[in-house]
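Work out the full structure, taking the sequences as your base and the hints as a guide.
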Amino acid sequence: MNFNRTLSIMRKEWRHIIRDRRTALLVTLSPVFFLVVLAYSFSVEIKDVSLAVMDYDHTPLSRSYLQMLTASGDLKTCCQAANYDEIEQWLTDGKVKAALIIPPDFDERASTGETAQVQVIVDGTDPNTANHAIRHIVSRSANFSTRLLSAELARLGTPLPADSSPVDVRMRTWYNPSLKTVIGIVPALVGVVLGMPAIAASLAITREKEWGTLESLVATPVGRSELLIGKLVPYIFSGMISVVLCAAVAVWWFEVPLRGNFLLYLLLSADFLLATLSIGVLISILVSSQQAAMIISLLVFLFPGFFLSGIFIPLSAMGIMKMEAYMVPTTHYVLINRGIFLKGAGLETLWPWAVALLVIGLLVMLLSFLIFKKLID
Amino acid sequence: MLLRIWNLVLKEFTQLLRDRVLILFVIFGPVLELVMVAYSTSAGIAHLPSAVIDLDHSPQSRALVQSFQNVKTFDIQVYPANFNDLRRMIEGDSIAVGIVIPSGFSNQLISPASPAPQVQIILDGAEPTAAQASIDAAQGLIAAYGQRLSLQAYTLDQDALQPVETRVRVRFNESLKESNYTIPSEMGFMLAAITIMVASLGIARERELGTLEQLMVTPLRPVEMVIGKAIPAVVIGYIVFLLMLAISLIGFGVPMRGSWPLLLGLAAFYLFVELGWGIMASAISRSQLQALLLVFVFIMVEMVFSGYAFPVENMPTALQVVSNLFPIKHWLVVFRSVLLKGAGPASYWQELVALAVLGTGVLSLTVWLLRRQRFA
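Residue numbers (the working numbering), protein chains in the order written: chain A, 10 to 386; chain B, 34 to 409.
Mixed in with the good hints there might be a few duds.
[Claimed, not checked] Partial pick of chain A residues on the chain B-facing surface, computed with a CB cut under 7 Å:
| id | residue |
| --- | --- |
| 1 | I26 |
| 2 | Y335 |
| 3 | A363 |
[What the hints assert, rightly or not] In the PhoX-like style, the derived pairs of lysine-lysine whose C-alpha atoms are separated by at most 25 Å in a straight line are:
| id | chain 1 | residue 1 | chain 2 | residue 2 |
| --- | --- | --- | --- | --- |
| 4 | B | K210 | B | K105 |
| 5 | A | K104 | A | K85 |
| 6 | A | K331 | B | K44 |
| 7 | A | K331 | B | K105 |
| 8 | A | K104 | B | K210 |
| 9 | A | K218 | B | K44 |
| 10 | A | K56 | A | K21 |
| 11 | A | K56 | A | K189 |
| 12 | A | K383 | A | K331 |
| 13 | A | K382 | A | K21 |
| 14 | A | K85 | A | K21 |
| 15 | A | K21 | A | K189 |
| 16 | A | K85 | A | K218 |
| 17 | A | K383 | A | K218 |
| 18 | A | K56 | B | K44 |
[Unchecked claim] Quick list of simulated restraints, FRET-style, between CB atoms:
| id | chain 1 | residue 1 | chain 2 | residue 2 | range |
| --- | --- | --- | --- | --- | --- |
| 19 | A | W262 | B | V250 | 46 to 52 Å |
| 20 | A | L162 | B | Q153 | 27 to 33 Å |
| 21 | A | L276 | B | R290 | 49 to 55 Å |
| 22 | A | L16 | B | Q153 | 53 to 59 Å |
Hints are computed from structural coordinates only; laboratory data are not their basis.
Note that CB positions come from ideal geometry on N, CA and C, so glycine has one too.
Right, here's the structure in full:
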């Protein structure tokens, strides 16, 4: 391999990247744009679940019960139903997500030591929202019960002990004490959006193939490996610009802590870019049109990056598909980023994933080199 | 006019079918991906690897550990010797939840005079969804454990402890199966991505290769060209839709409670609207590269509005307003209503109107853009 020839290919490729200003800007800035959009839309909390109420009791007690349920803003009473048909209709239309039916004997039973049964109907279509509503209604009702009970017992002269819970549980959320979704999700999203440089590279190289300019390069004395490495390295450089921009946005805009070493982040990001860009190059060697390159990139980078990389569903919950997840570079990079940003982890903890990325990168490079050689000769 | 469109459709299909490998990828790629993704995410958040440090070693502490093991959220795998080991396991991501029971737990629990014993639950805040699920599950099981203990201590009967009892009934997705919600999302998203992608290239490729000018001098009108370019993408999208639907219903047990003809008709309608944006991207781009990057941006945003991770109605108001421009938001309301609720058009007519307006609007705009280019 001749270093000078590789360098001139690099220089040529770099010019390609920066010549077309609009595309260059699109490629380096779009990961940051995605990071902002995705982070905002994924850092929401479920609140204001709309609730229909059918109160057959109409007593001060039933009203104070309702008051207690909706006080926190997790649920919001949107409408008073007159009958079951109306509730059924609203649930089907999606106008309400849950309904509460207070029986006519609510006050009578609850204040005479019997049990009043409140009926709750929940739309299970979205299990997250449904679970949220169920948990909220059940725990608030239990609190309401306890309040009634302790008032009753106090009246009878045998008060409940003030601390009715026999076990004191302390939840500690390490690395993210207030459990803000955005803190946990931004470092992971960085891994998804940095798939962009690889997609751009596979498109650009395929375009050269489509236009026939790649063939003229092959006809020069430049060797196969020099050509591939010369094409790869400039994209790693332009990718590194996005890497730095993403970190800046994460730290200054979203206030994600950077507890680990920034240089280690840069080094392992380059490692990740090597892995993804090698895959991008392999794709562009295998296909003949930009259309095909894009569709395959989509199947290789975007879908698995979102759904399999452990951003929403932790890897440990994935069962046997864990293996598949580990074949995607994004999975390792998500673990690395969460480690460096939030946990302040060093190379002694992160090395298995760093090595995995390096192995993926080198193997795919070797494979592309062999296929490229075979195709050209 | 029909004959001219038909000829264009024939030409498009000939071009598409020439690339056999691409066609295989377009049709089977998303289907295969749906299987993998649905399979790995269908269980929701469960069996999180957990570690227990039990410094008490009493029947009471073992009972508490057992009640953690009985909930499907936790899977107790290791018993680290000390706090530092636990820290290392959480840092290295091999453990997601740590439960620490202090020594003296059972003594404090039994003697009424001493304060309630402390139990520490340590969570990995770097994975917020898993941490939140653990908090919810832990709170529930600790409350149940506490209630059991109080009942024993005060010998009160269950009824007296509960003046108000809630009876919860879940409709439409009775067992709250996570996959009944996520699979339609994933399906809508992959379908949109693949069909837009096929549609977006039609016009941009002709322009890049210079054949668009040839097409423009034929009697073919812009409307006809847009329709002719849309039909092949709709046909391919529809095949992908049918395959995905079959896998979701048969393989993953997603219920189909509504009317079949209605579902099949509405799906075709949705594909047409979705494609509108793809053809638009194609009409305003100078090269395929630009069209592809534009479409890529569009698809990423559609993923956000598929409500896969978080419901759209909880997003910031500005995003909610923007979400109306994306067909997938309306379609998933319709799709889920038909699948899970068995609802008819009366329940989701607003979404259908929104789709119709969006579809006509975008397609007319594209035709107008093309006409302007033609005379420019």
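Going down the list of hints, with the structure as the test:
1. Below 7 Å, beta-carbon pairs count as interface contacts, and I26 (chain A) has none with chain B, the closest being about 12 Å; its hint is therefore violated.
2. Against a cut-off of 7 Å between C-beta atoms, the interface hint on Y335 (chain A) is violated, since the closest Cβ of chain B lies about 12 Å away.
3. The closest approach between the C-beta of A363 (chain A) and any C-beta of chain B is roughly 13 Å, which is over the 7 Å cut-off, so the hint fails.
4. With a C-alpha separation of about 14 Å, the suggested pairing of K210 (chain B) with K105 (chain B) holds against the 25 Å cut-off.
5. Restraint check for K104 (chain A) and K85 (chain A): satisfied, since their Cα atoms lie roughly 12 Å apart, inside the 25 Å limit.
6. Distance hint between K331 (chain A) and K44 (chain B) is unfulfilled; the C-alpha atoms sit about 44 Å from each other, more than 25 Å.
7. At most 25 Å may separate the alpha-carbon atoms for a hinted pair to count; K331 (chain A) and K105 (chain B) meet this at roughly 19 Å.
8. For the hint linking K104 (chain A) to K210 (chain B), the alpha-carbon distance of about 21 Å falls within 25 Å, and the restraint holds.
9. Of the pairs offered as hints, the one joining K218 (chain A) and K44 (chain B) holds, with about 24 Å between alpha carbons and a cut-off of 25 Å not exceeded.
10. Straight-line distance between C-alpha atoms of K56 (chain A) and K21 (chain A) comes to about 54 Å, which puts the hinted pair past the 25 Å bound.
11. Distance check on the hinted pair: K56 (chain A) and K189 (chain A) sit about 15 Å apart at the alpha-carbon level, within 25 Å; holds.
12. Restraint check for K383 (chain A) and K331 (chain A): the C-alpha separation of about 34 Å exceeds 25 Å, so the hint is violated.
13. Pair hint K382 (chain A) plus K21 (chain A) holds up; C-alpha atoms about 21 Å apart against a cutoff of 25 Å.
14. The suggested pairing of K85 (chain A) with K21 (chain A) is violated, with an alpha-carbon distance near 61 Å, which exceeds 25 Å.
15. In summary, the hint linking K21 (chain A) to K189 (chain A) is not supported, as the alpha carbons are separated by about 45 Å, beyond the 25 Å threshold.
16. Note on K85 (chain A) and K218 (chain A): the hinted pairing is violated, with a Cα-Cα distance of about 59 Å set against a maximum of 25 Å.
17. Only pairs whose Cα atoms come within 25 Å are accepted, and K383 (chain A) paired with K218 (chain A) is accepted, the gap being roughly 16 Å.
18. Straight-line distance between C-alpha atoms of K56 (chain A) and K44 (chain B) comes to about 52 Å, which puts the hinted pair past the 25 Å bound.
19. Here the CB-CB span from W262 (chain A) to V250 (chain B) is close to 51 Å, well matched to the stated 46 to 52 Å.
20. At roughly 32 Å, the beta carbons of L162 (chain A) and Q153 (chain B) sit within the given window of 27 to 33 Å.
21. Taking 49 to 55 Å as the suggested C-beta distance range, the pair L276 (chain A) and R290 (chain B) conforms, at roughly 53 Å.
22. In this structure, L16 (chain A) and Q153 (chain B) meet the distance hint of 53 to 59 Å, their C-beta atoms being roughly 57 Å apart.
Figure legend: structure checked against the earlier numbered hints; hints not met, in rising order: 1, 2, 3, 6, 10, 12, 14, 15, 16, 18.
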